[in-house]
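Residue numbers (our numbering), protein chains in the order written: chain A, 1053 to 1786; chain B, 40 to 270; chain C, 68 to 150; chain D, 68 to 150.
Hints in this document: simulated from the structure, not taken from any laboratory.
Check before you lean on any hint, since a few could be wrong.
[Unchecked claim] Subject to a maximum C-alpha distance of 20 Å in a straight line, what follows is the list of computed SDA-like cross-link-like pairs (lysine to any residue):
1. C/LYS92 <-> A/ASN1588
2. C/LYS71 <-> D/ALA91
3. D/LYS128 <-> C/MET97
4. C/LYS128 <-> D/ALA93
None of the values given here were measured: they were computed from a predicted structure.
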Amino acid sequence: MKETKIWQEMGLTDTEYQLILDGLGREPNYVELGMFSVMWSEHCSYKHSRKALKMFPTTGERVLQGPGENAGVVDIGDELAVCFKIESHNHPSAIEPYQGAATGVGGIIRDILAMGARPVALLNSLRFGSLDNPRVRHLFSGVVAGIGGYGNCIGIPTVGGELYFNSCYEDNPLVNAMCVGLVNKNNLMKGWATGVGNLVILVGASTGRDGIHGVTFASEELSEASEKKRPSVQVGDPFMEKLLVEACLELIENNYLVGLQDLGGAGLTCATSETASRAGTGMEIDLDRVPLREKNLTPYEIMLSESQERMLLIVEPSKESKVMEVCHRWGLKATTIGRVTDDQILKVYQDRKIVAEVPARMLAEEAPIYSPLALEPAYIKEISDFNLDKLPEIVDANRVLLALLSSPTIASKEWVYGQYDYMVRTSTVIHPGSDAAVIRIRDTHKGLALTTDCNSLYTYLDPYVGGMIAVAEAARNIVCSGARPLAVTDCLNFGNPEKPEIFWQFQKAIEGMSEACRVLQAPVVGGNVSFYNERNGSPIYPTPTVGMVGLLENVDKRCTQAFKKQGDIIVLLGNSYNELGGSQYLLQVHHLVKGKPPALSLEQEKALQENLYQAISQGVINSAHDLSEGGLAVALAECCISGGLGAKVVLKKEDLRVDALLFGESQSRVIVSIKSAGIPALWQLAQKNGLEVNAIGYVGGESLTIKVDDREWINLTIKEIEQSWKNTIAKLMS
Amino acid sequence: MKFGVIVFPGSNCDLDAYHLVKDVLRKPVEYIWHQQNSLKGYDCLILPGGFSYGDYLRCGAIARFSPIMQEVVEFANRGGLVLGICNGFQILTEAGLLPGVLLRNQDLKFYCQFVHLKVENVNTPFTNFIEPQKILKIPIAHGDGNYYIDEKGLNSLLEKKQVIFRYATAEGVVSDEANPNGALFNIAGVISEKGNVLGMMPHPERAGETLLGSTDGLFIFQSLLNYLEKL
Amino acid sequence: MLYKVKIVVMPRKGILDPQGQAVAKALDTMDYKGINSVRIGKHLEMELEGENQQIVEETVKEMCEKLLANTVIEDYRFTIEEA
Amino acid sequence: MLYKVKIVVMPRKGILDPQGQAVAKALDTMDYKGINSVRIGKHLEMELEGENQQIVEETVKEMCEKLLANTVIEDYRFTIEEA
Ligand SMILES: Nc1ncnc2c1ncn2[C@@H]1O[C@H](COP(=O)(O)OP(=O)(O)O)[C@@H](O)[C@H]1O
Ligand SMILES: [Mg+2]
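Let's have the full structure, built from the sequences with the hints guiding it.
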């Protein structure tokens, strides 16, 4: 009776325990059981998600490394590759927002480093409940400070991200961090423990009792009970990580390493078993040699500790002293803790005695794979029953526009990114505050466009369409900055996958994303799944965050959303429909979460993006901004604010409702501004691409006015607009 | 004419200063490791921004005990040109090469943004190329840039024209609203009595190329080159 | 009554203290030897109006729990005396 | 002998203390009234090997002057006891 409890307490089921018994042919000891429990946790084993993830397209001409390694890698020419990944740190951030978010950033940086890349940019996707709640304000300010605290100190610019507020995240905020690195193709590293007899070296921080069972904690729903069980909180040390980055890059540059692996979730257990398993080797490690922060850590604690800022190096014996010399110069502790063996077994010693002996592959690869049941949730039918005709027509469009602009989800995010050093490394050439951020690549003409996107209101209403839109919008943001999409990394934040309704959402979202990735030619090269985002049984909206990287062949061709010149013609690319389902307008003004998300035709989207890309690279376009939350009126207001210029716009009503025309969120639309001489070129392009384009007004003056046919619906000065938009979050936070 | 950029553990704007000198100014420049203990052959030293030693305890407090700092002090005492940017400024005050201290920003938040600077003294090696009324647009990125000095100290700074940069509006008005961090007297940069050591919180090395949003930082480097050429 | 309160907030045992580590290392390179387990926390001093010592104690405890200490990673202790 | 040293480093009187100000303000908005002159400094604890109390005292004083406090703006005090 008592014994049955041990594995259950560690989060393993009876069947899983039986699998361990069968695999080992004996009972595991306590240390081994602990190692299994963390490696077979959802977080490490992807046991509920693995099958569904197979739907993603993962290959492409430029893909050098798809999912499976520490991060995806894509060829960008000039012997260079870009390496990127996004990861969640939701549960730790709910407990200790500053350190939870900070260590999330630290963790994703080490993933990029493990590929041999120099981390050059950070992004983050954040979701919270309402800022009216003091607890949410505490979480929000702590998370932002933690992200800044880590990124600023280590000197990697935080160049973008997104921020949403919705009551579904009240008790379960989402904190997803993305890191982007650059690597010379010859220096690409892998987390492989190849070469029998090679040494295993642990470098960086010493090991303490931090975060033991962190991954198990991340694989459960949050509740009072889980909070009691929570592991001791990990504290980040960005200074140590800065040294670690510099030292590892120097080791790689000098060709001293055979393999490189970060220590993250499941600590030493994961790093040793994964590197050995990938290479088909075994490994012996001696815990007496692991530098400890406190005395008397047990083997169980050492193997499961999630102490931050550590890396595992696989090194040929002849290079050991050189490796030590480099680490020492950077002020880092490095210790040889073991060696690579040929028996495919991970053997752990302490006091010359074996304390664990497990096939590496069994830990890393042989967790059971589940095929959870998927069932369409009942709410889908209820909410999709929505008759637009019953919605009262708009009365005061000025008021609505100001209300939308001052809602935290749409308002300026400067309160957030102003706390991040987004300029360090002097390569950020489109700062936060436009559609995608752009960094230049030194010694080339190229640039990288970076964004994260997901409108979870859409994915809630229809996970398939919502998933498609998340990818399409990310790509649209990339193209608006003048780049072409390269590839995707994704962070799938969902509730408990053991609930059929949740798993249905999960599958549908992946189907939609996969379809969009295929059509838009942006394969998925890596990502992360975060399940169990529930608090006391109530799940968050399905939130499949898309991180996307695009390439600009010539960084001088970059484009921002800001209106640039008086007299420029404003052109709307794409079609508007009577669509208000899932819109911010419906949510904020009518307090409704109803209907279907806007429809998306991937063919239309592709035509739009192709057209826009060509127009921007021909130098015809002066500004481009995609239409998203808040629709056309909000997008126009944002272009005006960023450029400090007004606009006069006239729209044709045709068979549209005025509210749908102004605030609807129909997809595949972009506003561009263009000098009149460029019009013929743009029209020609559009005809070729089969794209609807309409000149809707011109840039100028100090107000934004929008007429629909003969009636003026919006007339606001840029000052008024900016005031509503600019200080919302700062005010709520002071 | 050779520049040296000092690299402390945790420096992270070393690269930016280095690139500016090398790729924009096209002058010789070398990194100088904090454990080095010779500074022969350099005409100007840059102490870059970043978080030396994690900025633990106090910003710059630990870095000033690096072996190289003894050499920097001697270099400065011999009249060598030293430019401390952000964390470099903090280190110079900790080392006693510049008066005053940099406290936490008034509202405790880190700020990354462009600011405008009024130039209070254009007769220094770092500012001689700047027209007297010119307002510089240069970014800041710091959590501890709240300059403080006691009254006597401030009076002496003013008397000796050691206050070099003050936070101002784009029009050049020195005001509270233009002050990002609560710095006393809106002070953004000060110079040593002898005029050869400048510390400033804003990052001129981030304002040296059009595509970065401003080239006003070049005025400071151009002044340095001017001065060194005339020597 | 006016009370003088002193509060010490320290990183919890077992929790990483990067600041303490960095200072320990700096002291070592400055040739101060034989120094162990440096931990760095906060020291707060304030004056507080209150009816009696016991009430003040409760108030201070509450302030610590709610604002002054982050009890997930920090411990606190305090002393109160009449000003 | 092993000594346990506790060091308090506080912002000097009259010196701006942004952290103390922020905490005072926060406490006020949280409806803790009658609170005065909040000051926030650092509390350091360490163990130190030394021949005798007097020598340790001198060492600690030196460490404070050189590194642990910035005497332009901070005061320090410390206690030493046998560990
Ligand atoms: N959490 C964040 N971190 C950094 N930058 C952010 C964050 N949230 C938003 N931003 C930046 O603010 C700008 C506007 O964000 P958002 O309104 O979400 O853009 P969009 O509507 O184009 O998706 C973008 O440049 C974005 O990168
Ligand atoms: Mg966008």
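Structure-based check of all given hints:
no.	hint	in the structure
1	C/LYS92 <-> A/ASN1588	violated, 45 Å
2	C/LYS71 <-> D/ALA91	holds, 15 Å
3	D/LYS128 <-> C/MET97	holds, 14 Å
4	C/LYS128 <-> D/ALA93	holds, 16 Å
This entry does not satisfy hint 1, going by the numbered hints stated previously; all others are met.
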